[in-house]
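**Student:** Fit chain W to the given chain C structure using the hints.
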Amino acid sequence: MATILILSLVAFFLINLPIAFSLGAAATLTIILQGQVPPTLIPQRMFAAIDSFPLMAIPFFVLAGNLMGSGGISKRLIHFATCLIGKTTGGLAVVTVATCMFFAAISGSSAATAAAIGTILIPAMVQHRYSINFAGATVASSGELGVIIPPSIPMVLFGVMAGQSIGTMFIAGFVPGMLIASTLMVTAYIISRIKGYAGTTRASGGETWRAFKDSALALMMPVIILGGIYGGIFTPTEAAVVAVFYGFLVGSIVYREINLSNITGILVNSAITTATIMIIISTASTFGWIMTRERIPIMIAEAFLAVTSNPAVFLLLVNLLLLFIGTIFETSAALIILTPLLFPIAVQLGVHPIHFGMIMIVNLAVGMVTPPLGINLFVTCNIAKIRIEDMAGFLVPYLIVLIANIFIITYIPEITLWLPTVLGMFK
Amino acid sequence: MESVNLVVTWLLAIILGTMSLVVFSQVIYRYVLEAPLPWSEELARYLMVWLVLLGASLGLRSKALIGMEALVNVFPPRLKRFSIEAVLVFSLLFLTVVMIYGIKLTIMNHSQVSPAMAIPMSWPYAAIPVGALLMITNALVVAIERWKNN
Numbered sequence: 120m121a122t123i124l125i126l127s128l129v130a131f132f133l134i135n136l137p138i139a140f141s142l143g144a145a146a147t148l149t150i151i152l153q154g155q156v157p158p159t160l161i162p163q164r165m166f167a168a169i170d171s172f173p174l175m176a177i178p179f180f181v182l183a184g185n186l187m188g189s190g191g192i193s194k195r196l197i198h199f200a201t202c203l204i205g206k207t208t209g210g211l212a213v214v215t216v217a218t219c220m221f222f223a224a225i226s227g228s229s230a231a232t233a234a235a236i237g238t239i240l241i242p243a244m245v246q247h248r249y250s251i252n253f254a255g256a257t258v259a260s261s262g263e264l265g266v267i268i269p270p271s272i273p274m275v276l277f278g279v280m281a282g283q284s285i286g287t288m289f290i291a292g293f294v295p296g297m298l299i300a301s302t303l304m305v306t307a308y309i310i311s312r313i314k315g316y317a318g319t320t321r322a323s324g325g326e327t328w329r330a331f332k333d334s335a336l337a338l339m340m341p342v343i344i345l346g347g348i349y350g351g352i353f354t355p356t357e358a359a360v361v362a363v364f365y366g367f368l369v370g371s372i373v374y375r376e377i378n379l380s381n382i383t384g385i386l387v388n389s390a391i392t393t394a395t396i397m398i399i400i401s402t403a404s405t406f407g408w409i410m411t412r413e414r415i416p417i418m419i420a421e422a423f424l425a426v427t428s429n430p431a432v433f434l435l436l437v438n439l440l441l442l443f444i445g446t447i448f449e450t451s452a453a454l455i456i457l458t459p460l461l462f463p464i465a466v467q468l469g470v471h472p473i474h475f476g477m478i479m480i481v482n483l484a485v486g487m488v489t490p491p492l493g494i495n496l497f498v499t500c501n502i503a504k505i506r507i508e509d510m511a512g513f514l515v516p517y518l519i520v521l522i523a524n525i526f527i528i529t530y531i532p533e534i535t536l537w538l539p540t541v542l543g544m545f546k
Numbered sequence: 508m509e510s511v512n513l514v515v516t517w518l519l520a521i522i523l524g525t526m527s528l529v530v531f532s533q534v535i536y537r538y539v540l541e542a543p544l545p546w547s548e549e550l551a552r553y554l555m556v557w558l559v560l561l562g563a564s565l566g567l568r569s570k571a572l573i574g575m576e577a578l579v580n581v582f583p584p585r586l587k588r589f590s591i592e593a594v595l596v597f598s599l600l601f602l603t604v605v606m607i608y609g610i611k612l613t614i615m616n617h618s619q620v621s622p623a624m625a626i627p628m629s630w631p632y633a634a635i636p637v638g639a640l641l642m643i644t645n646a647l648v649v650a651i652e653r654w655k656n657n
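Read top to bottom, the protein sequences are chains C and W.
For the numbering used here, count along the first sequence from 1 and bump the result up by 119.
For the numbering used here, count along the second sequence from 1 and bump the result up by 507.
FYI, nobody ran anything at the bench for these hints, they're computed from the structure.
Every residue, glycine too, gets a C-beta built ideally from N, C-alpha and C.
Be aware that a few hints might be false.
[To be verified] Quick list of in silico lysine-lysine cross-link-like pairs, DSS-like style, CA-CA up to 30 angstroms:
1) C:Lys504 / W:Lys587
2) W:Lys570 / W:Lys611
3) C:Lys314 / C:Lys504
4) C:Lys504 / W:Lys570
5) C:Lys206 / C:Lys504
6) C:Lys194 / C:Lys206
[Unchecked claim] Some chain W residues near chain C, calculated using beta-carbon distances under 8 angstroms:
7) Ala520
8) Tyr538
9) Met555
10) Leu558
11) Leu578
12) Val579
13) Ser590
14) Ala593
15) Phe597
16) Ser598
17) His617
For reference, chain C alone in the conformation it holds in the complex (with noise of 0.2 angstroms):
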């Protein structure tokens, strides 16, 4: 039964079933043929997966970052670091990167960083004499942040998968987020310097501050979730929920881009891209529910442990698997199946929860920005009107600055876990 529920899995993916109904049917396969449990456990775990406080960060989390993000935020936030930063060789590409790292802070998904960013940063690039190239390739790969930065929905989601605390995720995603954003201002910085792409003129001092204060409320967003987290005041969801009405009113009163025509819009999109991420939690748990039952992970942590139990050579293997998966499986998805599986066996040798947990998020957020189902490169293209194969030339060097970090973090666990410890996260 075991061979008919990973053999079924296998084809509907091939064909192209979406991945809810794949897992689903394979499960619904595999429940049938063996006729020993009641079928009315399919929509019976397909419910309880999904009746969860925790997982409705998701849709408040989606629903903020499409409020802040219509509300006319990338725009102020733009400005300021243009203001800030934007003098520096290469100025525009380095602000690319810096916006993508504060939108990030508002945001829990890496497309709406890339689709919010790129709108208008790829066509000021091209004006200020930019490869278009370039700039798509710069925003694909800082749109990453947008999952590594707090809030993270993926981070949502190894938090319930595994039942780690989704609080302690987010805090210590700030780091190994820092570092990933630095390397990448750096890779834009060199490959400006090379191109000669010059900086924008000097912001003067009350202008910087003026975009500052314009900025401000949004940049208060990340102070008010992480603090609040912190401070053991909300739970992530309803954390998730102040940052709803904080983005509602700053859009609609202090800058006045939200109102009853755009909000119906706002909410109906940020209830489709919710489900579209939560039916797959829901089918993968009826599915899990009879993986468990045929002991598959038991299998596969054998397997695993029969060639490896060394935690660093583990670790490499992981890294390896989970950037494959990533270039083929869309992020939310690989994680909650993957997670089951590999979460288990890394406990097993002695990898902290949180860290593994950042491996593999940093890991999955990479085939974001890979070919051939890098969803970042499909919203950079669709907005640049360029095909990924003319960007690929400048994605190389980003990519290979992504998979280093990837390494860094994995083998340095203190990136990960040093803001938590000092914060006493861990009790």
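**Tutor:** Just chain W now, kept in the frame of chain C:
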């Protein structure tokens, strides 16, 4: 079907708006008024179940449900066409099973009441068969549209 989808679209906006209000008032009641609401979390959870099932049906309509497109795109054209029809068949089969047993589960749980709000558990459970039915019809609408275009 498009008018049904329009109703679902409005429902989604109302559900997500209500969820936000309910959980936000939970925060206010707990931290500001120091009188926690007993029903807020349960109501928000059940609304989310409906949100996911209804939202997935619109996701299916707008072809937003994530699949593994990487491979099917390098298939030879005939195999690709075959895959597209196979996807329809397997989607319909799976969703029909979910709908039938979802109805069964809903009926089974009708006499149960929820812990906090004391509503029949068939209300939240009904999201599963209703969502499955909407997904079935939308899958058919997408397929008919494709056949017409060929």
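**Student:** Hint by hint, say whether it matches the structure.
**Tutor:** Hints, one by one, checked against the model:
1. C:Lys504 / W:Lys587: Cα-Cα ~26 angstroms, so holds.
2. W:Lys570 / W:Lys611: It holds: about 29 angstroms lies between the C-alpha atoms, which stays within 30 angstroms.
3. C:Lys314 / C:Lys504: Satisfied, since the Cα-Cα distance of roughly 22 angstroms is no more than 30 angstroms.
4. C:Lys504 / W:Lys570: Distance of about 22 angstroms is within 30 angstroms: holds.
5. C:Lys206 / C:Lys504: The given pair, whose Cα atoms are some 27 angstroms apart, holds under the 30 angstroms limit.
6. C:Lys194 / C:Lys206: holds, 18 angstroms
7. Ala520: At about 4 angstroms, which falls below the 8 angstroms cut-off, the nearest Cβ of chain C leaves the hint on alanine 520 of chain W intact, so it holds.
8. Tyr538: The hint holds - tyrosine 538 of chain W has a Cβ within 8 angstroms of chain C, the shortest such distance being about 7 angstroms.
9. Met555: holds, 6 angstroms
10. Leu558: The hint holds - leucine 558 of chain W has a Cβ within 8 angstroms of chain C, the shortest such distance being about 6 angstroms.
11. Leu578: holds, 5 angstroms
12. Val579: Hint holds; valine 579 of chain W Cβ to chain C Cβ min 4 angstroms, cut 8 angstroms.
13. Ser590: For serine 590 of chain W, the interface hint holds, since the closest Cβ of chain C sits about 4 angstroms away, which is under 8 angstroms.
14. Ala593: holds, 5 angstroms
15. Phe597: holds, 5 angstroms
16. Ser598: holds, 5 angstroms
17. His617: Result: violated, 14 angstroms to nearest chain C Cβ.
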